[in-house]
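J.: For reference, the chains in residue letters:
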Amino acid sequence: MGTENPNRVNTYPGPIPTPFAAPRSNMPISSSSSHPVVGSEASAFRPTSVPATLTTPFSSPGPTVGSGTPGFRPMQPGRPTPSYGPPTTGPTQRFPTPQFPSAAQPSMPPTSGVGQPIFPPTMRPPPPGHVPPMSTSLNRQPPPAPMGSPPQSLYSVSSRPNMQQPTPPTGPPSSLPGYIQSNTVTSPPPPPPPGSHQGGYTPQPTASSSFPSHQGVYTPQPTASSPFSSNQGGYTPQPATSSPFPSNHGGYTPQPATSSPFPSNQGGYTPQPTASSPFPSHQGGYAPQPTTAAPFSSHQGAYGQPPPGASQPGMYVGGSAPPTGAMAGGLVEDFSSLSLGSTPGSFDVGLDSKVLPRPLDGDVEPTAFAGMYPMNCDSRFLRLTTSAIPNSQSLVSRWQLPLGAVVCPLAEAPEGEEVPIVNFATTGIVRCRRCRTYVNPYVTFTDGGRKWRCNICALLNDVQNDYFAHLDATGKRVDLDQHPELTKGSVEFVAPAEYMVRPPMPPLYFFLIDVSISAVKSGMLEVMAQTIKSCLDKLPGSPRTQIGFITFDSTIHFYNMKATSLLFFFFQSSLTQPQMMVVSDLEDIFVPLPDDLLVNLSDSRPVVEAFLDSLPSMFQDNVNVESAFGPALKAAFMVMSQLGGKLLIFQSTLPSLGVGRLRLRGDDLRVYGTDKEHALRIPEDPFYKQMAADFTKFQVAVNIYAFSDKYTDIASLGTLAKYTGGQVYYYPSFHSAIHTEKLRHELARDLTRETAWEAVMRIRCGKGVRFTSYHGNFMLRSTDLLALPAVDCDKAYAMQFALEETLLTTQIVYFQVALLYTASCGERRIRVHTAAASVVADLGEMYRQADTGAIVSLLGRLAIEKSLTYKLEDARNAIQLRIVKALKEYRKLHAVQHRVGNRMIYPESLKYLSIYGLSLCKSTALRGGYADAQLDERCAAGFTMMALPVKKMLKLLYPSLLRVDEYLVKAPRVDGEFERICKRLPLVAESLDSRGIYIFDDGFRFVVWFGRMLSPDLARNLVDEDSSASDFSKSQVCLNERENELSRKLMGILKRLREGDASYYQLCHLVRQGEQPREGFFLLLNLVEDQVGGMNGYADWIIQIHRQVQQ
Amino acid sequence: MAWEVILWVIFFILNISLIAANLYQIVCLTDLEADYMNPYDSSSRINAVVIPEMLIHGVFCGLFLVTGHWFMFILTLPITIYSAMLYSKRRHLIDVTEVFRSIDAEKKYRIVKLAFYLLLFVLIIIRLVIEVVNNLIDDDEEGVHLFGIF
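Just so you know, the protein sequences line up as chains Y and S, in that order.
Heads up, the first sequence is in numbering that gives the first Met the number 0, so the first residue is 0 and it goes up one at a time.
Heads up, the second sequence is in numbering that gives the first Met the number 0, so the first residue is 0 and it goes up one at a time.
By construction, these hints were calculated from the structure, which means they are not laboratory data.
Nothing here was measured: the structure is a model prediction, and the numbers come from that model.
A portion of the hints provided could be inaccurate.
[As the list claims (entries may be wrong)] SDA-like cross-link-like pairs, simulated, lysine to any residue; straight-line CA separation at most 25 angstroms:
hint: 1; chain 1: Y; residue 1: Lys766; chain 2: S; residue 2: Glu32
hint: 2; chain 1: Y; residue 1: Lys520; chain 2: Y; residue 2: Leu656
hint: 3; chain 1: S; residue 1: Lys107; chain 2: Y; residue 2: Arg769
hint: 4; chain 1: S; residue 1: Lys106; chain 2: Y; residue 2: Asp693
hint: 5; chain 1: Y; residue 1: Lys766; chain 2: S; residue 2: Thr79
hint: 6; chain 1: Y; residue 1: Lys696; chain 2: S; residue 2: Thr79
hint: 7; chain 1: Y; residue 1: Lys675; chain 2: S; residue 2: Thr79
hint: 8; chain 1: Y; residue 1: Lys688; chain 2: Y; residue 2: Ile588
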């Protein structure tokens, strides 16, 4: 050790003094510590806390660490130990080791790994005193020659984001440039925020040669090598430092008895101390993901099996053991596991429902992807089911999950991250000549900047004169900073005239309104008219916006809204009132005054307002119960076909006259479970599909608002929305007293959100990969072109791809989503999202980089599509089968090397797959049979889920359940207090305490649940006396703000939750414990982990899957 | 025996029209796949010939039955039944909205049908030639006979 340490010292020299100063402490430490395996992570994390002790130890361990590092993936706080152990061997020798007990060695690795997490923010700010020691220690170490050689590469420092730009190596004697740099850099800059490290993880190419495999991942640290090994030793010996490590495991709490923990861990994990080479091969390239780590730690308690005799049982669970590396060739467990049954063979006994993985943090996006390719578009726009693309057909067939992407081209970007707009006014849009790829950050310029190579098809294109720029020494264009299209994964090009088949259309809103008796009675008409009127100012695209109305019952009413021009104003009785024309010939529809039905909103504003004002009263005495929906639809089509636009249909009576007549169906119990069952979920009359196709052809998007309290055949009506890129809003039993806010919010959002008109979308990808199927609400115009008459931020589309060749030869596959659309302002634009993903030959890697959110989203869409041609049960079984097959394949991958025994093993990245699969099966669209969901609700849910972006989908599948009474009563109104007190709870009935108030939020509605034993005072404060006394059914959702603090707080919570997700309005339903059937309907049915209505509970589901996996 | 020749000529013509209809549909589908045609045109063109084709096939099959060509009748029967089934399930027309999802299956179905009609075409040609030759021979024989009288 001693020797090595000195080496370190050398490395640090320059930076050390200053950096080490308290603030910097992390940096230095990290560098020293990190060098070793931990490299990047470690460096980032280690704050000063470890310093003094650490320094020495770490430095020596460096090399060893390297091996361990792979293991380091953030996630595996607990398990690291095993893996590490081995590494120590090599390094240990170097180190004086006095510090470590033999046991410690194995532990060491973990420590390093752990260390990272350890540095909880708190740790960081080490007391000044601490730091100094650190530095000193570091300094002390002489800069021995050894440094240079091995460990150096490991420099962790680099990993941090901040670090990234290394300053030239200052002092380091030997050539450990990278390392040095890191030191210097670190020290000078302010210490990175704790959170930062995680992010920092991205692998760094700079890694020295020493650890080839890892290198990518860990930043090499020059000095580290020798030190590293020593570190380990160092850790144990020094309790203070060590403490941090243990803490990691535990979830960051520092543990004083560092040394002891390690050994214990080891025992728990199969780690083998003997491991020869520290660096596991797999790691190669793989950067650990800090982010994961964080979540991990949190879960730990939940999952893991307790390590035998391990000091920290809880933590272990999830843990995939880091690869031990050389060791036995993979003794480390690279997966998470769940032990089923305390004894083999008895599953039913031992599954502790507390340890099941639950997505209580919501959607966790994989970050490795973004880390590896920082120029990729944001994951809100494009998510791949796995960011490791298989390189061969055989690999594809072994990856049993869908291989594809979920694209949300217009996702809302937070403030400051808007997609930049690029105008190639003079050059025309730069695209590849052959494959038509748009210029993007991954194209390479060559030949002094005169040519560029397409990253997708590798064709060398000429750079136009106007676009030419010289290259600098590194081959980058000198004007890179002026070209967002060359630095950002998402850009928007302004399209010139070549991209238009006609002049850009104005935003056009057309309303087709049912005015039959049920629409009037429910109050829908009034709410709708008010809402539209209030939105007139906010309609996008003013002053070009056009608007028009048709109403219908058994006849069709057209409205002439043309405001007469000023000239005629005085001669004609000017139209300040709309002129109504009634057409009763339903067989042969014609449109009177075809030119005056659609008017420019700004010209005819008074007429439109007058119309909306009078609409409710015009029909208030209407007693017509018929609905000539089909003919009215045709009429609307005739009016709109010139321009296209958005058609909003307000429908509350089953179409009963003319074409497109629908009949009551779905009330036949006997059909369920037979082969004819699926027919209920597809349109009955081909008229609707035909109309949908025609609408798409003429760029009309249809949004359906259905209000009926009786059957309205959403399956047929929804088809219109499905193929036109629209959306179905369903308000069963609409009543204005209850649903007003919901309709108002959602209609307003529909009218005012930024919309892309007459759009087409295509996704291109590199050679050898081809998109084969598309899933969502749109119509295909050619094999790979999605026609989207209107798109907005709430729509996402999923697609699957396949390999065309048996073997991919490229290292990276690029995807490029291009959406050509007309913006509301009348500009034609192309939004381009580009992403790269690496090609791998290893199935394990694919699983490691899987994205549960995208997979679940795609699985859900596939299942819903399946339910349109098969029975519901088949669709559910298909989901289960997919999951089972995937886990089986994964088990095969590891069963040989690891004694997985009776445990259920799964990749860390897919730990939530099972629960999401279960909730998919229990979702409204797929659950049960006849009695479990109304046919209309089922179909509406299906249409909605087909368009949901990933995050909302996951929220819907695993809603949040919050207990709020404590917050209401005790907590002060402070920012952050709510988040601190109200944590998401598992969706089981046991979570509900009868003394509490809970809010259940699935993104579409809130259910506020009042426990039976709730203090009457509280209830009285929140709800009207009478209703709280008896039942809530009368005042279902009337949770009004009342004059007291509690009520204001509760409303504040609801408001805040709503702001988090504005695409739908969450109507609030009050439910009292034991109030049947409302409690069951609103809440209990949606507790997905419970056994409800013949569907398995979570534990049973896991056991069932596990059994099938083992078969 | 001339009516037998005429009958086979009719079969021949019907068969040719069936082949033509199928070829046309396949070409439309291929164009659609290659993006030479949009789905609206393509499916409306295909759908325009589906019913006529079914009718022709029905007549074709029926004629075999009525004229007592049992073997040929049995050969064409499966397609008749299949078409009838499609029609009764309302799946005989191409669905514009989902055309790309079913394009492979539709193409395969039509190619199989085309192959089958080509086989029939061979059989029909053979039978036609046989009939014609027989007819000629009969005529010849009669002629010879007549001539032989001299």
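J.: Take the hints in turn and mark each one as holding or not.
T.: Comparing the hints with the structure gives:
1. Y:Lys766 / S:Glu32: 19 angstroms, holds
2. Y:Lys520 / Y:Leu656: 21 angstroms, holds
3. S:Lys107 / Y:Arg769: 21 angstroms, holds
4. S:Lys106 / Y:Asp693: 24 angstroms, holds
5. Y:Lys766 / S:Thr79: With a Cα-Cα distance of about 44 angstroms, the restraint between Y:Lys766 and S:Thr79 is violated, given a limit of 25 angstroms.
6. Y:Lys696 / S:Thr79: 35 angstroms, violated
7. Y:Lys675 / S:Thr79: 24 angstroms, holds
8. Y:Lys688 / Y:Ile588: Given that 25 angstroms is the threshold and the Cα spacing comes to 19 angstroms, the pair holds.
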